[in-house]
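Spelled out, the chains give:
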Amino acid sequence: MIIKNKTIADDDWIVLRLGENDTPEGIAVPPGKVIVPLKVWQAQRDVLQARAELGVWLASDERAEDLNNDIEKFSVIAVDFPKFADGRGYSIAHHLRTRLGYTGELRAIGDVLRDQMFYMQRVGFDAFAARSDKDIPEALKGLSDFSITYQASSDEKLPLFRRIQRGGGL
Amino acid sequence: MYRYDQFDHQIIAERVAQFSDQVRRRLSGELTEDEFRILRLQNGLYMQIHAYMLRVAVPYGLLSAAQMRMLASIARKYDRGYGHFSTRQNIQFNWIKLQDAPDILADLASVEMHANQTSGNCIRNITSDEFAGVARDEIVDPRPYAEILRQWSTFHPEFAFLPRKFKIAITGASEDRAAIAVHDIGLAAVKNAQGEVGFCVLVGGGLGRTPIIGTEICDFVPWQHVITYLESIVRVYNEYGRRDNIYKARVKILVKAIGIEEFKRRVEADWQFTKDGPCTITVEELNRVAAFFTAPDYEQLPENDAAVAAQLRESRAFSNWMQRNVKPHKVPGYAAVVLSLKKTGIAPGDATAEQMDAAAELAERFSFGELRVTHMQNLVLADVKQSDLIALWQAARELGMATPNIGLLTDIICCPGGDFCSLANARSIPLAKAIAERFDNLDFQHDIGEIELNMSGCMNACGHHHVGNIGILGVDKDGEEWYQVSIGGAQGNASSLGKVIGPSFTFAQTPEVIARLLQVYVRERFADERFIDTVRRIGHNPFKEYVYAAPVNDDKALIGAEYALLAAGAPYDTPLYSPGL
Numbered sequence: 045m046i047i048k049n050k051t052i053a054d055d056d057w058i059v060l061r062l063g064e065n066d067t068p069e070g071i072a073v074p075p076g077k078v079i080v081p082l083k084v085w086q087a088q089r090d091v092l093q094a095r096a097e098l099g100v101w102l103a104s105d106e107r108a109e110d111l112n113n114d115i116e117k118f119s120v121i122a123v124d125f126p127k128f129a130d131g132r133g134y135s136i137a138h139h140l141r142t143r144l145g146y147t148g149e150l151r152a153i154g155d156v157l158r159d160q161m162f163y164m165q166r167v168g169f170d171a172f173a174a175r176s177d178k179d180i181p182e183a184l185k186g187l188s189d190f191s192i193t194y195q196a197s198s199d200e201k202l203p204l205f206r207r208i209q210r211g212g213g214l
Numbered sequence: 091m092y093r094y095d096q097f098d099h100q101i102i103a104e105r106v107a108q109f110s111d112q113v114r115r116r117l118s119g120e121l122t123e124d125e126f127r128i129l130r131l132q133n134g135l136y137m138q139i140h141a142y143m144l145r146v147a148v149p150y151g152l153l154s155a156a157q158m159r160m161l162a163s164i165a166r167k168y169d170r171g172y173g174h175f176s177t178r179q180n181i182q183f184n185w186i187k188l189q190d191a192p193d194i195l196a197d198l199a200s201v202e203m204h205a206n207q208t209s210g211n212c213i214r215n216i217t218s219d220e221f222a223g224v225a226r227d228e229i230v231d232p233r234p235y236a237e238i239l240r241q242w243s244t245f246h247p248e249f250a251f252l253p254r255k256f257k258i259a260i261t262g263a264s265e266d267r268a269a270i271a272v273h274d275i276g277l278a279a280v281k282n283a284q285g286e287v288g289f290c291v292l293v294g295g296g297l298g299r300t301p302i303i304g305t306e307i308c309d310f311v312p313w314q315h316v317i318t319y320l321e322s323i324v325r326v327y328n329e330y331g332r333r334d335n336i337y338k339a340r341v342k343i344l345v346k347a348i349g350i351e352e353f354k355r356r357v358e359a360d361w362q363f364t365k366d367g368p369c370t371i372t373v374e375e376l377n378r379v380a381a382f383f384t385a386p387d388y389e390q391l392p393e394n395d396a397a398v399a400a401q402l403r404e405s406r407a408f409s410n411w412m413q414r415n416v417k418p419h420k421v422p423g424y425a426a427v428v429l430s431l432k433k434t435g436i437a438p439g440d441a442t443a444e445q446m447d448a449a450a451e452l453a454e455r456f457s458f459g460e461l462r463v464t465h466m467q468n469l470v471l472a473d474v475k476q477s478d479l480i481a482l483w484q485a486a487r488e489l490g491m492a493t494p495n496i497g498l499l500t501d502i503i504c505c506p507g508g509d510f511c512s513l514a515n516a517r518s519i520p521l522a523k524a525i526a527e528r529f530d531n532l533d534f535q536h537d538i539g540e541i542e543l544n545m546s547g548c549m550n551a552c553g554h555h556h557v558g559n560i561g562i563l564g565v566d567k568d569g570e571e572w573y574q575v576s577i578g579g580a581q582g583n584a585s586s587l588g589k590v591i592g593p594s595f596t597f598a599q600t601p602e603v604i605a606r607l608l609q610v611y612v613r614e615r616f617a618d619e620r621f622i623d624t625v626r627r628i629g630h631n632p633f634k635e636y637v638y639a640a641p642v643n644d645d646k647a648l649i650g651a652e653y654a655l656l657a658a659g660a661p662y663d664t665p666l667y668s669p670g671l
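Protein sequence lines, in the order shown, are assigned to chains P and B. Here our numbering is used: the first residue of the first sequence is 45, the next is one more, and so on. Here our numbering is used: the first residue of the second sequence is 91, the next is one more, and so on.
I should point out that these hints are in silico values taken from the structure, not numbers from a laboratory. It should be emphasised that the depicted structure is a prediction, and the values quoted were computed from it without experimental measurement. Please note: incorrect hints may appear among the correct ones.
Unchecked claim - From the structure, some residues in chain P lie toward chain B, with a derived Cβ separation under 8 Å: (1) 53; (2) 54; (3) 146; (4) 203.
What the hints assert, rightly or not - Some chain B residues flagged as far from chain P (calculated, every beta-carbon gap over 10 Å): (5) 93; (6) 120; (7) 139; (8) 167; (9) 227; (10) 283; (11) 355; (12) 363; (13) 530; (14) 627; (15) 641.
Don't be surprised by glycine CBs; every beta carbon is placed ideally from N, CA and C.
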C-alpha cells in the first residue's frame, strides 16, 4: 500500500536496490513492474528500454539532470530519502517538475514519514511509500497540515503575493 | 511594524496545530525521539541540560509593546520569570516543559509571534540593524525586505532539511550593525547610479568551528530579484553542501571548497531558470509590506532640547548615559535609546518578566509602542523625543536598564554557556559576571572606551568570540574548564577574526588576563585610539609578551562568590522531562 494522489492505493511496483556484491551491469532485473536504480538504468538501458513498464529511482546524491531526455520512458520516477533529514530529494523533485517538465508519477521512497510529506507534496511528489513500520492512514493526514503557503513551488506556480490579494498596511 | 493579515494568521495557527499534534504523538510514543527531535528544533525547542529551551523568533529584532508583554507573561507562566535575549535578536526561555510548548506557541500566535525555524537545519530568523528606519546613515530601510524574506523562508518546502543551519542578515545603512559578514548570506542594501535599490550579496560567512568572513558573490542584485537569487544560493547549497560531517556542512565550507567563482557560476546557472519568473517581487507587494514600516507621527521639534543640555552639565551619570546609550536619529529632536541588559551581576542579555513589562510600558510612553532587540543583546527604544530623555533615563535607572556601558567593556556578548547549554565546554555567564565585577568602575570603562568583549562557552561561537576585539572561548581540557583568549576580532564594516594570544587560562586567571591586555593598550594607545585600532597598529606581540611575562595568579579567592558557585556545580534541581524513558 502506498499513498498516491492523496489516497491509499495498492501498489505492485518493486524497488530494486543494489546489494553489496551487486553491480549495475550484473544485477538481474526481475520481470514485472520494477523501479531500478539510476545506475542500473544507465548500465542496462538497451535491454530495459524494451520493457512496457519501468520505473527508475534516484539516490539523494544523484541529479535529476542525469536522466537526460529519458524521463518520458518511465512510468514512475522515485527519489530515495536515505534519512528523512537528507533534504536533497526536495531539490531533485523540484528539478524534475519545474526544469525537466516531468508530469508522471513522482514517488518518495526510503525514510518517508508523515511529518515531511507536506513539503514533499509541495515540491512535486504525488506518491509516498511511507516507511513500512508507520501507519499509512495516519501518514496520509500529513498531506493536509497546511492550507495556505507563502512560496511558489511545484504545487502552486505563484507565490502567495501573486495568488491572492493580501492585507495592506495600517 | 508588520501586522499579520488573515493568511499569516492562518499559517501560524496551522503550524501550532501541527506541532501540538507532533507533541501529542511524541508523548504517546508514536514518534521516536530521533524523529521528533528535528520537528521540535524547527519549532525552536532544544533539549538542554536542565530542561527544554524555547527560542522564540523576534523577526529582524522588532517587537511591539504587546508582544513584549506576552514574552513577560510566558516567562512568568511557563518559565522562572526571566528570558535571555540572544545574539540573533531572539529570546530564549530556559525552563520549558515539553507539554507546555504547544500552549506557548498558541500564546505567541495570539500576538503574531512564533518560534518557527529558530533552530534546525533550515533558514533561521533573519536579523537586521536595530536602528533600521531611524539611523542617519541609512540608505534603504531593510525592514520591508526582511519581512518579505521572512515569509519566503517560512516553511519553504525545498529548504527545510539543508545540510546545516542557514542564517541571513540584512542591513540598509552605510555602517553595518547587523554583522552581515559573519552570516551564511549577508545582504547590504545599496543604490546604483540610477538610484535604484539593490543588494550587495555576501555568501559563506560564519563563525563556529571554522570562522570565515563572507565573500561578495554579487555587488548588485536588483531588489525585485532578491528572492530568486537567494533561492538559487540556497538550492546550490542544498544540492552540493556536505552532509557527511556536520562540522563541514555550512555553506562557507562549500564556498571555500569549490571557490567563489565556481559557486557563483552554479548559482547564476540556476538563477537563469527563475530570474524574472513568478517569484520576482512585485512593486505592489513591496509597497504593501513597506506601508507597515512608514515613519510614525513625528512632531516638529528643535534639534536640541534645552533641559537635556542643562542636565548634561549637571549630572555626570546622565551625561555618561547620553554618551553611551543614546544614539542619533534621522529626525530632529529625536533619539534612539539603548536599554542596557548588561548590568554588572546580571547574565548578559537576561531580562526579568518585570523588566520586560516595564520596557513595554516605556515603549508606549516614549517610543510609539515599539522596541527592538539588538544582536549585542540589549533593547532599543528607537523613537524617543529628546525632551523625554531625562524622564526615560530616570525610569530606566530604576529598572536597572540604564547602565551607561553600551559599546564599553562590560557590554559583553555572552552565550548561555555551561550553565544551560548541553553543547558548552565551559561556563560563560559566571565568567562574564566576574569580568564585569572586576571592571565595574565606570570611569575606568569610559577611559578604556569602545571595546567589544565577546564570550562563547564552546567553539559553536554563539557568543561571537571570533569577532570580539577581545574574544574568550571556553575549552575543555581533561574535563576541566579553560578559556582561550584572542584579540583583534571585529564585526561590522571592517570585520576581522581574532587571533589566539597563546595557551589558555583558568577561570580565576581570565579577568587578570583581560586586565593585562588593557594595560598594554593604555600604555601603547594614541589619543582617542580605540583598542582594536591599537591592536591593528602594533600587532599581537606586545600584548602576548606582557600577558605571559609573569605567571597569572590562579587564586580562586580572587573570584570569590562566583568561583564558589562554579565549584559547587549548577544549583539547579529540575530533572529533564524525557518521555518514554
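We went through each hint and held it up to the structure:
{"no.": "1", "hint": "53", "verdict": "violated, 23 Å"}
{"no.": "2", "hint": "54", "verdict": "violated, 25 Å"}
{"no.": "3", "hint": "146", "verdict": "violated, 15 Å"}
{"no.": "4", "hint": "203", "verdict": "holds, 6 Å"}
{"no.": "5", "hint": "93", "verdict": "violated, 7 Å"}
{"no.": "6", "hint": "120", "verdict": "violated, 8 Å"}
{"no.": "7", "hint": "139", "verdict": "holds, 24 Å"}
{"no.": "8", "hint": "167", "verdict": "holds, 27 Å"}
{"no.": "9", "hint": "227", "verdict": "holds, 25 Å"}
{"no.": "10", "hint": "283", "verdict": "holds, 29 Å"}
{"no.": "11", "hint": "355", "verdict": "holds, 15 Å"}
{"no.": "12", "hint": "363", "verdict": "violated, 6 Å"}
{"no.": "13", "hint": "530", "verdict": "holds, 44 Å"}
{"no.": "14", "hint": "627", "verdict": "holds, 47 Å"}
{"no.": "15", "hint": "641", "verdict": "holds, 49 Å"}
Checked against the numbered hints given earlier, this structure breaks hints 1, 2, 3, 5, 6 and 12; the rest are met.
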